[in-house]
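Protein chains in written order, with the numbering used here: chain A, 2 to 303; chain B, 2 to 303.
Just so you know, these hints were derived from the structure itself, not from any lab. From a predicted model like this one, the values you see are computed outputs, not experimental measurements. Keep in mind that a hint or two might mislead.
Copies of the same chain look alike in the list, so a pair counts if it works inside one copy or between any two.
Stated by the list, open to error - For lysine to any residue, the following SDA-like pairs were computed, each having C-alpha atoms within a straight-line distance of at most 25 Å:
#, residue 1, residue 2
1, K176, F116
2, K250, P98
3, K260, C244
4, K169, P98
5, K298, Q282
6, K246, E118
7, K297, Q161
8, K169, C99
9, K169, E118
10, K246, G117
11, K54, G249
The residues making up each chain are set out below.
Protein chains: 2
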Amino acid sequence: MTACAEKQVNYPHSDISMLLSDIELRLDELLPVDGERDCVGAAMREGTLAPGKRIRPMLLLLTARDLGCDLSHRGLLDLACAIEMVHAASLILDDMPCMDNAQMRRGQPTIHCQFGEHVAILAAVALLSKAFGVIACAEGLPANAKNQAVTELSHAVGLQGLVQGQFKDLSEGDKPRNADAILMTNQFKTSTLFCASMQMASIVANASSEAREKLHRFSLDLGQAFQLLDDLADGMTNTGKDCNKDAGKSTLVNMLGAKAVENRLRDHLHRANQHLEAACQNGYATQHFIQSWFEKKLAAVS
Amino acid sequence: MTACAEKQVNYPHSDISMLLSDIELRLDELLPVDGERDCVGAAMREGTLAPGKRIRPMLLLLTARDLGCDLSHRGLLDLACAIEMVHAASLILDDMPCMDNAQMRRGQPTIHCQFGEHVAILAAVALLSKAFGVIACAEGLPANAKNQAVTELSHAVGLQGLVQGQFKDLSEGDKPRNADAILMTNQFKTSTLFCASMQMASIVANASSEAREKLHRFSLDLGQAFQLLDDLADGMTNTGKDCNKDAGKSTLVNMLGAKAVENRLRDHLHRANQHLEAACQNGYATQHFIQSWFEKKLAAVS
């Protein structure tokens with residue numbers, strides 16, 4: 002991480018904050034305007050704009066920059082927002098009574114608790130659909146690049162992506178399963194949307210197939226690290242989500258204990274960084290962002 | 002309809018059956034292969050491949066031909082299948098307990114009754130997502146045409162389309178509402194996906210903006226006619242769906258009586274045909290298809 006530390010001055014905190022603000026302002030523009038009687042629109046806004054980490058769109062933007070893109074490219078910001086809309090839709094649905102039956106998310110009652118189950122489903126469908134439309138209309142991108150981005154997102158959401166991850170988690174989570182099965186579920190649940198973010202950054206940057214392959218591997222390790230962090234944080238009360246949802250569930254934390262899981266997490270993070278270094282020749286913003294984010298979170302769960 | 006009758010010999014029943022078979026074979030190819038343990042894939046297949054009218058993809062193909070397209074164009078068939086996947090996803094979600102709470106559809110138990118609510122939601126999300134991916138990968142279409150098609154579909158599904166129609170129907174259907182409110186809900190519920198089908202046919206055929214506008218109007222009238230037919234058929238027991246779901250609901254049938262509704266339906270159908278004639282210069286397949294389909298259905302509900 003020496004190179005990263007040396008470059009840190011180029012990516013000060015204010016820069017990250019500015020990107021975060023750009024993402025949230027653009028999401029606000031892209032989402033339906035507030036209307037008193039429009040519950041579905043309000044649920045879309047609430048599900049997307051409630052305070053969140055914005056990790057996926059941030060990674061897309063930072064990696065695009067590390068691959069040589071100019072971040073003033075308007076289309077890039079739209080792709081980042083599309084990824085965040087899909088993430089928001091997946092959280093709304095994961096929280097439903099027939100799924101994880103969660104009451105709290107991001108410090109607020111979950112969307113179905115606020116608006117009803119029917120509105121939650123409709124808002125998630127509208128967000129998903131909007132995400133694809135946003136990509137197809139993204140400014141300043143070649144039509145072919147937008148088609149590739151739609152293809153990546155479709156794959157990340159579908160039966161080989163988020164849908165499969167949630168299904169496996171629901172159907173296998175409360176049964177005994179080995180570490181490989183858990184890793185596979187985590188890959189579907191978490192890595193696939195990171196992959197889509199990385200591939201979208203690669204598409205805009207016109208990155209080499211070697212760089213894309215490295216970024217794919219980066220996403221797999223990063224997804225595992227995130228899921229392990231999520232499992233470590235499950236017992237905590239200050240995450241804004243229901244706590245102890247994993248009690249009795251076959252997670253790696255329940256199987257191996259917190260210390261071993263933290264070690265695994267650091268291994269994944271180390272490998273993720275190696276892949277990132279190999280892929281990105283134009284900067285270290287992503288590395289720095291990931292590293293500082295995990296250090297902060299790990300300090301909180303230790 | 003004289004011209005249509007004259008041209009009938011060019012579109013015999015076997016031709017329509019062949020197109021139907023093409024659609025179902027391609028859907029079968031595009032959907033996940035049957036896997037014993039893959040409930041979500043099975044629900045996607047069941048929700049899409051259970052016997053259905055395939056009206057929307059048929060209209061897309063026939064209109065494309067009437068606009069001068071060669072139906073051997075593989076990409077056109079993929080767009081038609083994408084429309085049918087979205088329609089299937091919308092039916093799965095509309096039937097959910099928190100929506101219309103339907104038990105039967107297409108003569109089978111509804112998807113959530115067969116597979117559980119969580120699988121129903123996941124299958125619908127996977128179908129929606131797949132539909133966008135199918136468009137983005139459609140063979141032989143210019144990238145720009147595929148982007149336009151994604152944009153049309155995104156609009157048809159979202160907050161100004163199916164989502165809004167279902168929300169309005171759920172939130173206003175059991176309250177007194179005037180005829181205009183009912184027409185508006187029907188437009189969102191039914192016309193918007195017809196519009197997307199027509200616009201996709203226009204995109205592939207590179208139709209003029211005048212033709213597109215006429216096809217848009219055609220879709221609005223056709224959607225109203227379909228919804229009125231659906232309302233007229235609600236009391237029947239042989240539709241493959243739950244019957245009498247509209248009892249106590251503010252539909253035009255409950256407000257005006259069946260005869261007046263049938264007259265309205267025929268007015269919409271007449272106007273739909275006029276728009277179609279003005280838009281399509283290369284054939285009358287769509288007109289003939291619509292006319293014979295409605296005559297058969299109206300004979301059954303009269």
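Against the structure, the hints:
1. When the C-alpha separation of K176 and F116 is checked against a cutoff of 25 Å, the pair qualifies only between copies, where the shortest distance is 19 Å, while the shortest distance within a copy is 32 Å.
2. Taking CA atoms no more than 25 Å apart as the test, K250 paired with P98 passes inside one copy only; the shortest distance there is 17 Å, against 27 Å between copies.
3. Taking identical chains as interchangeable, the C-alpha atoms of K260 and C244 lie at most 25 Å apart only when both belong to the same chain, with a minimum of 19 Å there against 59 Å between chains.
4. Proximity of K169 to P98 under the C-alpha cut-off of 25 Å is found in both arrangements, the shortest distances being 17 Å within a copy and 23 Å between copies.
5. Proximity of K298 and Q282 under a CA criterion of 25 Å is satisfied in neither setting, with 27 Å inside one chain copy and 65 Å between copies.
6. Taking identical chains as interchangeable, the C-alpha atoms of K246 and E118 lie at most 25 Å apart whether they share a chain (20 Å) or sit on different chains (20 Å).
7. In this homomeric assembly, K297 and Q161 never come within 25 Å of each other (Cα to Cα): the closest approach is 32 Å inside a single copy and 42 Å across copies.
8. Proximity of K169 and C99 under a CA criterion of 25 Å is satisfied in both settings, with 14 Å inside one chain copy and 24 Å between copies.
9. Taking the shortest Cα distances, K169 and E118 sit within 25 Å of each other both inside one copy (22 Å) and across copies (15 Å).
10. In this assembly of identical chains, the alpha carbons of K246 and G117 lie at most 25 Å apart whether taken from the same copy (21 Å) or from different copies (21 Å).
11. Taking identical chains as interchangeable, the C-alpha atoms of K54 and G249 are never at most 25 Å apart, the minima being 27 Å within one chain and 46 Å between chains.
Violated hints for the displayed structure, listed by number in ascending order: 5, 7 and 11.
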